[in-house]
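Chemist: Next come the chains, spelled out residue by residue.
4 protein chains.
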Amino acid sequence: MARDQGTSEFSDLRPKEKCGIIGCAGTSPITSDLYYGLRILQHRGQESAGLAVYEDGLKSKRGMGLVHEVFTKEDLVDLRGNSGIGHVRYSTTGSSVLDNAQPIVAKTSYGEIALAHNGDIANANEIREELSKKGWAFMTTSDSEVIVRLLANEIVNTGDVKRALREFTNRLVGAYSLALMINDSVYAIRDPLAIRPLCIGEGNDRMMIASESVVFDTLPGYRFIRDLKPGEIVELRSDGFESTRLPHPNHTAHCMFEWVYFARPDSVLDERLVYDARVKIGEQLAHEYPVPADIVVPVPESGRAQAQGYAHVSGLPVVEGLIKNRYIERTFIMPEQADRETGVMLKLNAIRSAVKNKRVVLVDDSIVRGTTIRKIVGILRLAGAREVHVRIGCLPIRFPCYLGIDMKTRDQFIANEKTVPEIADFIEADSLGYLSLRGLISALKHSRDDICLGCLTGEYPVPIPGEKMRKERPLEMFSDSATKPSARKKASSSR
Amino acid sequence: MARDQGTSEFSDLRPKEKCGIIGCAGTSPITSDLYYGLRILQHRGQESAGLAVYEDGLKSKRGMGLVHEVFTKEDLVDLRGNSGIGHVRYSTTGSSVLDNAQPIVAKTSYGEIALAHNGDIANANEIREELSKKGWAFMTTSDSEVIVRLLANEIVNTGDVKRALREFTNRLVGAYSLALMINDSVYAIRDPLAIRPLCIGEGNDRMMIASESVVFDTLPGYRFIRDLKPGEIVELRSDGFESTRLPHPNHTAHCMFEWVYFARPDSVLDERLVYDARVKIGEQLAHEYPVPADIVVPVPESGRAQAQGYAHVSGLPVVEGLIKNRYIERTFIMPEQADRETGVMLKLNAIRSAVKNKRVVLVDDSIVRGTTIRKIVGILRLAGAREVHVRIGCLPIRFPCYLGIDMKTRDQFIANEKTVPEIADFIEADSLGYLSLRGLISALKHSRDDICLGCLTGEYPVPIPGEKMRKERPLEMFSDSATKPSARKKASSSR
Amino acid sequence: MARDQGTSEFSDLRPKEKCGIIGCAGTSPITSDLYYGLRILQHRGQESAGLAVYEDGLKSKRGMGLVHEVFTKEDLVDLRGNSGIGHVRYSTTGSSVLDNAQPIVAKTSYGEIALAHNGDIANANEIREELSKKGWAFMTTSDSEVIVRLLANEIVNTGDVKRALREFTNRLVGAYSLALMINDSVYAIRDPLAIRPLCIGEGNDRMMIASESVVFDTLPGYRFIRDLKPGEIVELRSDGFESTRLPHPNHTAHCMFEWVYFARPDSVLDERLVYDARVKIGEQLAHEYPVPADIVVPVPESGRAQAQGYAHVSGLPVVEGLIKNRYIERTFIMPEQADRETGVMLKLNAIRSAVKNKRVVLVDDSIVRGTTIRKIVGILRLAGAREVHVRIGCLPIRFPCYLGIDMKTRDQFIANEKTVPEIADFIEADSLGYLSLRGLISALKHSRDDICLGCLTGEYPVPIPGEKMRKERPLEMFSDSATKPSARKKASSSR
Amino acid sequence: MARDQGTSEFSDLRPKEKCGIIGCAGTSPITSDLYYGLRILQHRGQESAGLAVYEDGLKSKRGMGLVHEVFTKEDLVDLRGNSGIGHVRYSTTGSSVLDNAQPIVAKTSYGEIALAHNGDIANANEIREELSKKGWAFMTTSDSEVIVRLLANEIVNTGDVKRALREFTNRLVGAYSLALMINDSVYAIRDPLAIRPLCIGEGNDRMMIASESVVFDTLPGYRFIRDLKPGEIVELRSDGFESTRLPHPNHTAHCMFEWVYFARPDSVLDERLVYDARVKIGEQLAHEYPVPADIVVPVPESGRAQAQGYAHVSGLPVVEGLIKNRYIERTFIMPEQADRETGVMLKLNAIRSAVKNKRVVLVDDSIVRGTTIRKIVGILRLAGAREVHVRIGCLPIRFPCYLGIDMKTRDQFIANEKTVPEIADFIEADSLGYLSLRGLISALKHSRDDICLGCLTGEYPVPIPGEKMRKERPLEMFSDSATKPSARKKASSSR
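Protein chains in written order, with my numbering: chain F, 1 to 495; chain C, 1 to 495; chain G, 1 to 495; chain P, 1 to 495.
Just so you know, these hints were derived from the structure itself, not from any lab. Among the hints, a few may not be true.
Where chains are identical, the list cannot tell them apart; a pair therefore holds if satisfied intra-copy or between any two copies.
What the hints assert, rightly or not - Using 27 Å as the maximum straight-line C-alpha spacing, the simulated DSSO-like pairs for lysine-lysine come out as follows: (1) 471 / 229; (2) 229 / 445; (3) 73 / 61; (4) 324 / 73; (5) 418 / 468; (6) 107 / 133; (7) 107 / 408.
Hey, can you work out the whole structure from these sequences and the hints?
Modeler: Listed below in structure tokens is the structure:
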């Protein structure tokens, strides 16, 4: 709809989750629940949204924009059905964006299949090439089309949906939380390493799966049941679900970034409340990098829970010294005049009286390029902060993600170009502390072996062409990464 | 984009051509030519439009609406390329309309394929089922996707585009004029019976194919070369084209409706100018159904050339006694109040002074339901016409078309429910004359064996499941269909 | 709406009527009738549309675009009312277009007033300045706001609507057909010279006024009553109307261009059917400029009735040798590549077989710049026409219109720069004949004194600052304007 | 834009500021600064936005939606100018919304005037009636049109803009912060009681006025100068400004709600930082209503600073126990299924681990209907909170605002129907404390005489028809409003 004619200003300053998924089966129409559920999952993808439902056949609509922009009241009436799935997506720009929106729908000799996918199939190109060599044609560039064709083929060959679901996943390497509709049946699959989240809940006459538990907390009448297990396949029924398991290793590879940044703080992922993990990260940071200071200031919204944890341990008060313009987030239409760093100023402002002459501990979740945090430090100094000590609730990100997060190239990471002291200098912080691996692990309450750390270590839980596969290594190899407060040249005097 | 929120009022009152296609290859950008060419072909489809071009890869855009509504200036800049194809389409309504818009684009191991298709594949479902049983999935309901997958498969299997083009068409039964882009090469194919039109022309540094010759007449710098031959495959080059032929019978099956109604009068189709055919039809009608009268009134726009022919032979003057509201054509948004027949009144009005007390010969191209012509007769009578003699430039339409025209069910045709005298009564005409088959054939200047008459005779030039295949039959079997003027009860007295 | 993102290609090649108006009062909802009535008047203005109705207060909507684009079904439900007025408008481009759309609505101490205006107030600036000097502010640049403020002032001062309607018009100099709603009452006024058309009709429980009688012919259930008289003020009631007269001279000044070009041929304006006038113009042209020729070809649509008249007198057949692309009319988005003259080619095409080797009499209604007719002559010659004799159903247009037509500057008229022979040369016609004044007058069936000829003679029926006022002059002063066929240098040889 | 086809869910649950204004004059184009300035002021109005600039005449655009939705890149190029004003607005729904958008533009004999207005003119109807009786017509229902006509009249009568600005304000009773453009000059006026905020700042070659100081903090290159004084009129120049004063009383009537809720926390209004005021309010609440508790939870975003203050004094930790869905704010399209209270659940969720078994002090800024806070209390209890003590940073709102805030009827306020203990019961809080007047006054750092308390006391600083005018009264008359924790019946047992 040409809603955003300009450039999204912060799109490359933060990692982007690729998707959120949902599915529901009941004995009465579930469209409204899918719609609101998608709105609750909106933080997992803002570029396109889609629904596919079944009532005397499969009906679907996909569109560019936020959920409430894509679906009109009339659409929701048209999309009436007792079972269905939905999807929100962050996707790269280009003329084919709508083609890559989901749910993707396919007609087969067995019936209709709709797919909503969260994750990345690491060997999608390999499978695509193999199928292409057999003469198959693809109408999109998405790995989801690869999945759906593979599945369709398996269903037709086996004539048995459940067997097909088990067998076609043998071919998939990577991260996949899937919501599937095969005719009027709704299935959900979580990959054997459980990389992306997926959980199940129940309503009055219906069962639902969703990317995050917050859906069940906030959608009236629902109750969270549990996470899907690694490699679990469930078929939703109105009054329960059937479950089978794929072969799976004795460890998982949950994406640590869900807890660190992506998921809503009020979601429980694999039995660990995101909020608690973040508070604990903040506490850990306070233990690892104590510093004499006056206040703890979170970067809103991403550093808020961590700041609470840091404050708790350090005994310093949390002060909301940075104010965010809620309306300026989405676009700038004059990028030449308001470049990205200026954008940060339009988006964030410091409260002078709150930070003036204060020694500030500034807490955020992660650093990608370093330009945003640098600007925020500058804003605090301009507002009179005497010292700014930056604490980051994650290790330095240095490697691409091939498993569902949109960070694809090494050169976007400042931590590949600079050492921690150099980064502290670049962002003009008086000190800089990144969370240690030990601290991260302890905060997530999962063993190191059960967490995917690919973007931090460059070693991935599945084979990725051209990348290293993870082996067991002692935690010690990640020495703590911090600058000492004394290491900072007194930049404030020169300004 | 919500352009038409109401119901298209005349959509089912007239047969609809399904599509127009175009393709171009040159040594400099051809996008603008494709765009204007599509606008010139707009009469062949008003529901969706699309372009696919090649420049460092394939780029495409499709959308709902008229050509100038779908493409912005920015789109045309983005779609820069030295080769490309385009499509306009009439398509059925529903949520999946955009999915069925063309050109359809597919990625294969050989490269990218884009397809624009005019016609109908009679055995599409059969092929689709066969491929489905092999485990292939389809993402649309269109026969065009069947074509493109079949072609992709053939290309990959043979590794030879030209051979693949020849061989995959073996599987296709039906009408197909195709514009294809395979990577940066543009191909055109016309089915062995040459059912739908397709011709070739040249510009300064480029070659073009298009559904109708009018494109070459009106697009500056172009020159018409010739029609594609039955079963011809051409590859466009900037300076010429390469041609091969599929096996083909020694007769064709040109759709007679192109001359009777669909094509623009200024197009030459298979060496017969549409305008000339229509004038000749009118002359023929005058020979077959002379009647004492004062004036010849065409139904605008569809009966105009035929009226000229009738006038020429009969010696009566043509009088433009019916005036059309150019702006009211497209939609009514209060169908309950302005039903379809009222719609005709809003669309057409008679000029009282021109028809008052006159004996009118009313000329149109064809009758489907009979409700529109009935209303027009009524409008003329209300305006004071003393007699209204209806002359129709075609035989009674009684059978569905499976080869590219949107008339799919028998029960929409009045000629299946009523005899000609009954139709005359129903439409309240003083007399009614349908063109004879002999007259039609002579007007088209093609032998009866070379024309598809499926919708008139129920016998089709290709095998259609559940329908009869055409055998040679003597022309005589189509006895002339007319009512005598005297046969008409003086309906005017009863009103 | 972003409907037209390009440049309207023919906007300055043809004079534009400024507006169409409608009004209705009944005992049940009239919204649907106003809506369809406006659609029937769409040819009088395509840039904006508006409705104002009364039901427990005044409700209105105006928007840019065609009538069916501006109003959704929901709008028509919201705009329910038993009385109302409507407007379609051609308006100049710019950011304030919507502000100038009508009906214009004003709140006064007497109540609410809505105004729909067709015409131009010649002394609007003078009144505006006078009111401005009294400290009044204006929110638009339109003369309609001047009218509404003047009226509001008069109503409040007199406390008597009918007296106010009579008195405020004393101040107005110019052309004004008005539809007014004052609270729930609907009034119509026609200026004392009856420059713009306005007529009255009746439905079952309602009365309607409209710019053209065609509304009553084609809107089901209506019957035309009569034209409003010069200076007549009517108040519509559900069962009739009250009429009073303004002082008025003993002659009128009907705009001749309504018959020549603007109005629909099936409208009767001031007792003269437009179609008849145009046929008669054609006949007159044949008498004034006979030429040995083979066929008469109209420029579609504007020359069609005239061509019939020419054919009738000359005995030559009318041949529809020019075909118009119905869909290409409205916009070009690449004006640099398809300049206006190319635009003519995309819009019109000649039928070769119809014109080849023929001596063609080409008939159109008028010439403004001369570039369009020049291109059409060229198209005919390219198609093989041996001779092209142009016959124009009007005198040379040389002067601006200040009374309701959008032709404001002298330098747009070729007849101000060239003599008739020079124009013939410029347009490359073998001969050129403009209708004589005597011929025009006789075709319109109104006395010369009752017709406004300002754009032809430069003498206007009302005082216009800087222009001459009309005096009575003998018809003879307009000598016939034509080139002799022999006067044309054989341009074809040079091409 | 039809962006929001549903019902804005929270629109009536919170008071709405009516507008934000901006103005700028420089020696080079200021359009981009106005645009970004408006985006920074977006929190003051989200329904319409507009800009008016001067360059060889006045140019303007207004539209429905957020600033970045109303203006395209092309618009900003078209609106190039060295001086201009802008406006964001919250406005009531209906068909005339666009008409009431601002800046409003008027043409006068002196030139063009554009007006952007924040506030409400209490005697607008009176002036409108008076002018109407003189025969003036109004085209909108807004008091801004009244202002602009009055000003235009005064300018023309006096022939002296500055005198006119001083004199026309004599007629205005109420709240008005105005940005005016009179031809290419930009003026700003603040009413003599300084009810709405307005301040001035400087850029490199330009001066700017804006509703809030945050514009100067976050727009690169600007510096805040000072608030406009009560009754001050300034004319902006590129290098400074000229100032005069209207007669004004020796006290002001700043709207207390700007500090309590409307303004951004990082704005300084009349020398009091909003953030500081809110922190102080929280501290005051802790002094007035201490309670044994475990954590302080803010309602995001509106109670955050107050919670910090409460925490500081009470020694309790702030815990962000409520999480807001950032994307669900704006609309629901199925209001029947997701009524407003359900809407609160979709918008807010509690973090179970943070509040479980905790005694919570819940802090928000104000209560209107009470339904939202009731739901939030319920959400906390569902998440396991043992006690919920509500602390409100303002007195009970009981009276309409006639001076710029959209709360017009008494019956929307729960405090008019229930006593404080009854409200505590209704919202199911264990205790409820509203800030005392003394506490509010001390937090705002302005004397009681200088603050407008109309919505709290029903006594207004200017004469309002049918309402009481403020007299000096002792602070004591506002006895503290609170329930004792013990007063709460143990509602939890009954649930």
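Chemist: With 27 Å as the alpha-carbon cut-off, assign the pair residue 324 and residue 73 to within, between, both or neither.
Modeler: Between copies only: 24 Å across, 32 Å inside.
Chemist: With identical chains treated as interchangeable, where does the CA-CA distance between residue 418 and residue 468 reach 27 Å or less: within a copy, between copies, both, or neither?
Modeler: Cα proximity of residue 418 and residue 468: one copy only (22 Å, versus 68 Å across).
Chemist: Up to 27 Å between alpha-carbons, please classify residue 471 paired with residue 229: within, between, both or neither.
Modeler: within (23 Å within a copy, 66 Å between copies)
Chemist: Between residue 107 and residue 408, at a C-alpha cutoff of 27 Å, which is it: within one copy, between copies, both, or neither?
Modeler: Answer is between; shortest inter-copy Cα gap is 23 Å, intra-copy 32 Å.
Chemist: Checking residue 73 and residue 61: alpha-carbon separation at most 27 Å within a copy, between copies, both or neither?
Modeler: both (13 Å within a copy, 23 Å between copies)
Chemist: Have a look at residue 229 and residue 445 and pick one of within, between, both or neither, based on CA distance no larger than 27 Å.
Modeler: within (17 Å within a copy, 58 Å between copies)
Chemist: For residue 107 and residue 133, with the copy left unspecified, which applies at a CA distance of at most 27 Å: within, between, both, or neither?
Modeler: The answer is both: 21 Å in one copy and 11 Å across copies each meet 27 Å.
Against the hints set out earlier in the document, no violation occurs for any number.
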